[in-house]
Amino acid sequence: MHNEAGQFIANARQALANPPMLAAVKRATDTADRKRDLAMFADGREHGEALRQQSATARHRALSQLPALLEQAEERLTANGATVLWAVDAAEVCRHVQEIAARHNVRRVTKSKSMISEEVGLNDALIAAGIDVLETDLGEFIIQLAAEPPSHIVTPVIHKSKETIRDLFVERLGMPPTDDAQTMARFAREHLRAAFLSSEMGISGGNFIIAETGTLCLVTNEGNGRMVTTLPPVHVALVGIEKVIATLEDYALLTQVLPRSATGQALAVYTHMINAPRRTGEDDGPEALYVILVDNGRSAIYESEYAEVLGCIRCGACMNACPIYEAVGGHAYGWVYPGPIGAVLTPLMTGLKEASPLPNASSLCGKCKEVCPIDIDLPRMLLNLRRDLVVQGHTPLPWLAGMRAWSVAARSPRVFDAAARAAHAVQPVLPKGKKLPLGPLAGWTASRELPQLAAQPFRAWWSEREKRAAQQKAEESDDQP
Amino acid sequence: MDLPARTSPVGQPVALYVTCLVDYLFPGVGIASVRLLEHLGLTVTFPFAQTCCGQPAYNGGYHREARPLAERFLDVFHDVPVIVCPSGSCTTMIRVEYPRLFADDPIRAEQARAIAARTWELTEFLVDGLGRADLGLRLPEQQTFAIHDSCHGLRHLGLGRQARALIEAMENARLVPLEDHDECCGFGGLFSVKMPELSAAMLEKKLAHIRACEAPTIVTGDVSCMMHMNGGLVREGAFRQVRHIAEVLADGLPEGVRHAQ
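Residue numbers (this note's numbering), protein chains in the order written: chain A, 1 to 481; chain B, 1 to 261.
By construction, these hints were calculated from the structure, which means they are not laboratory data. All C-beta atoms in this analysis are idealised placements derived from N, C-alpha and C, irrespective of residue type, glycine included. Errors might be hidden in some of the hints.
Here chain B is said to cover these stretches of chain A; the calculated rule only asks that three of the stretch's residues, wherever they fall, bring their Cβ under 8 Å from a Cβ of chain B [stated by the list, open to error]:
| hint | segment |
| --- | --- |
| 1 | 9 to 23 |
| 2 | 240 to 250 |
| 3 | 284 to 298 |
| 4 | 360 to 368 |
| 5 | 375 to 389 |
Listed below are the simulated EDC-like cross-link pairs for lysine to aspartate or glutamate, each with C-alpha atoms no more than 20 Å apart in a straight line [what the hints assert, rightly or not]:
| hint | chain 1 | residue 1 | chain 2 | residue 2 |
| --- | --- | --- | --- | --- |
| 6 | A | K162 | A | D132 |
| 7 | B | K205 | A | D33 |
| 8 | B | K194 | A | D388 |
| 9 | B | K205 | A | D479 |
| 10 | B | K194 | A | E354 |
| 11 | A | K35 | B | D104 |
| 12 | A | K435 | B | E197 |
| 13 | A | K434 | B | E204 |
| 14 | B | K205 | A | D388 |
| 15 | A | K435 | B | E204 |
| 16 | A | K369 | B | E236 |
| 17 | A | K434 | B | E197 |
| 18 | A | K26 | B | E236 |
| 19 | B | K194 | B | E204 |
| 20 | A | K26 | B | D180 |
| 21 | B | K205 | B | D182 |
| 22 | A | K369 | B | D180 |
| 23 | A | K35 | B | E183 |
| 24 | A | K26 | B | E204 |
| 25 | A | K432 | B | E236 |
| 26 | A | K467 | A | E449 |
| 27 | A | K434 | B | D182 |
| 28 | A | K353 | A | D417 |
| 29 | B | K205 | B | E171 |
| 30 | A | K467 | A | D417 |
| 31 | A | K369 | B | D182 |
| 32 | A | K26 | B | E38 |
| 33 | A | K467 | B | E38 |
| 34 | A | K35 | A | E46 |
Among chain B residues calculated to face chain A with C-beta under 8 Å, some are [claimed, not checked]:
| hint | residue |
| --- | --- |
| 35 | T43 |
| 36 | L74 |
| 37 | F77 |
| 38 | F187 |
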């Protein structure tokens, strides 16, 4: 996918000028965050917190054994009858899928939602190879029609109101006008049903792979995932290498926190556990099952101090909770993964320089860590990425100079004091009640008054008080006979 | 929260770290802190060499610029038994970030851990350190307050209940809820300067909750958040205001103490 993370500030500005979009985002994220809290802590704070910590432990354990678990997963999946392929980067993923399509004479592909396919630009690659691709997750179906990227990893169409979707369906698919969401969904469903029946290959993502059993796990809500993975003769699953977990028991745990954190459901509507393609004597399932294990930058993260971020189970809770995501929506982040997880993943996967605004797009409020079911310390990673930006020289010179000056001044109370007094002397000439025309505080003062420096700083008050106390003491001793 | 264990500060003299913002922008918060602590019979000192803890540089990623300031802090406060600071975010810098900042220097790291164990945010010091939520305070007349939980104090130090306990124990003070009281006001230090429109959008959401709040006074434990929210309230000419907990509590001191020189 095209990377626009470098234009975050301009993108955010554009988003801020689109109140209807932001209203849709706010409504949806507020609801999702509230439902998450209710679901995660339905059995009390302590229980929910224990669930989080156990989930974090399961993910950390899996990551610490990742190379061995990947080999085990490959072995078990293969033994079960799946074909396992490895892809080091986006190009290799696309090549694999194109080759599989060619091998099975595939012209029509149906897809269930896969963020990795967005990451590697799979749809464009297939279309370029003359293959029809249809997204069948309702949200993905809508944004494919609108030719837009997803703006949220769980609810890709979160930025669209019902009315915009209605207009899109009427205009592009000839839907009879209606304002009833259920009627609209039924219309899309009928449209998709025909495509499922004629599809020659289904492409899905994967939420987990259980290494000990060689099981591909998919958590979905719409039923399209089941269609895509069982109706077409070929099923291809794209799974990030970090998605491997050790045991069925770990899955039992993680499958509790994933839907609770993502959509506030105790259990998703469909929980698929795919062990093999169709076996002799079975009635359904694909004839061939391919699992493509995708690296695409993950090994490099695994080797870095940011390895913990690979524990992410893509629930989207951090987006729903983040005041910044809520303020600008997902497109501003410029790549596949928006919100706090995107602010960490995008620089790590696409380059720190290219995504340099993202680590700074945070007030470090810490809400993302608080809601993360894996307790990933995203605020700390943002802090460390900021440090990396400075160390690698991707910080504007005036900022660096300003920080240096501050640091030098604050090393001496006298210099610091003199600087504050100078600022106090200058302050009266600054305009009040309106935006400063220029300077680093111009943006701040567009909607906020600056505080006034005190005529008497605390330290001056303290000195005076000390002096007075000393004087009093001296006078008292003078009074002594 | 992964904070070091600490010993009781009861009976110890207190060194005040007022923070640079309080020193030069909101000295009243420092004065109120002194009055409160002295009212409890504590000996308060003010190490005069203190300046900035380095948080703005550190949070911006400028560790090389933050480090000398953190080293200064460790030197200036190395021999005081208890440090009290009227700010959740500066206390977080000292208690949570200093030990990390000096992870590569065993001597400084040890000093940082020792200082971290002796540093208290003001409300935490009063309620958890001294075990005193009821300071015997009485407001001259009935007032209604609501609390905004500042992010760093809330999520790094576990603050929130302390300020509520202190206000609830004060005579003539009434506490009402503030919608989304634990959501960020959008300040975030340099964030509000680097991305002012985004920060302003977050502030606007906070102000909408403040406008809808029954209390005319919103109380918080960080002057930085206070400065940000008041920046928006003053600009729109609102009658509501945000105040620091120290000043609110100091209003409940006996007349003679409150206005002492």
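Item to check | Satisfaction of hint between E449/A and K467/A, Cα-Cα up to 20 Å | outcome: violated, 35 Å
Item to check | Pairwise hint evaluation, E183/B against K35/A, where the allowed Cα distance is 20 Å at most | outcome: It holds: about 17 Å lies between the C-alpha atoms, which stays within 20 Å.
Next on the checklist: Using the nearest Cβ pair, does F187/B come within less than 8 Å of chain A?
Outcome noted: holds, 6 Å
Next on the checklist: Tell me if the interface restraint on F77/B is satisfied: Cβ within less than 8 Å of some Cβ in chain A.
Outcome noted: violated, 14 Å
Next on the checklist: So if I understand the rule, the pair passes when the alpha-carbon distance is 20 Å or less; does K194/B with E354/A pass?
Outcome noted: holds, 18 Å
Next on the checklist: Holds or violated: K205/B and D388/A, Cα atoms, limit 20 Å.
Outcome noted: violated, 32 Å
Next on the checklist: Holds or violated: K434/A and D182/B, Cα atoms, limit 20 Å.
Outcome noted: violated, 29 Å
Checklist entry - Taking the least C-beta to C-beta distance, is L74/B closer than 8 Å to chain A? => result violated, 13 Å
Checklist entry - Three or more residues of the segment 360 to 368 of chain A near chain B by CB distance under 8 Å? => result holds (count 8)
Item to check | Restraint status (C-alpha distance of K194/B to E204/B at most 20 Å) | outcome: holds, 17 Å
Checklist entry - If you draw a straight line from the CA of K35/A to the CA of D104/B, is it 20 Å or shorter? => result violated, 43 Å
Next on the checklist: Next pair to validate is K467/A with E38/B; report whether the Cα-Cα distance is within 20 Å.
Outcome noted: Measuring from Cα to Cα gives roughly 18 Å; hence the hint holds.
Of the numbered hints given earlier, the model fails hints 2, 3, 6, 9, 11, 14, 16, 18, 26, 27, 28, 29, 32, 35, 36, 37; all others are met.
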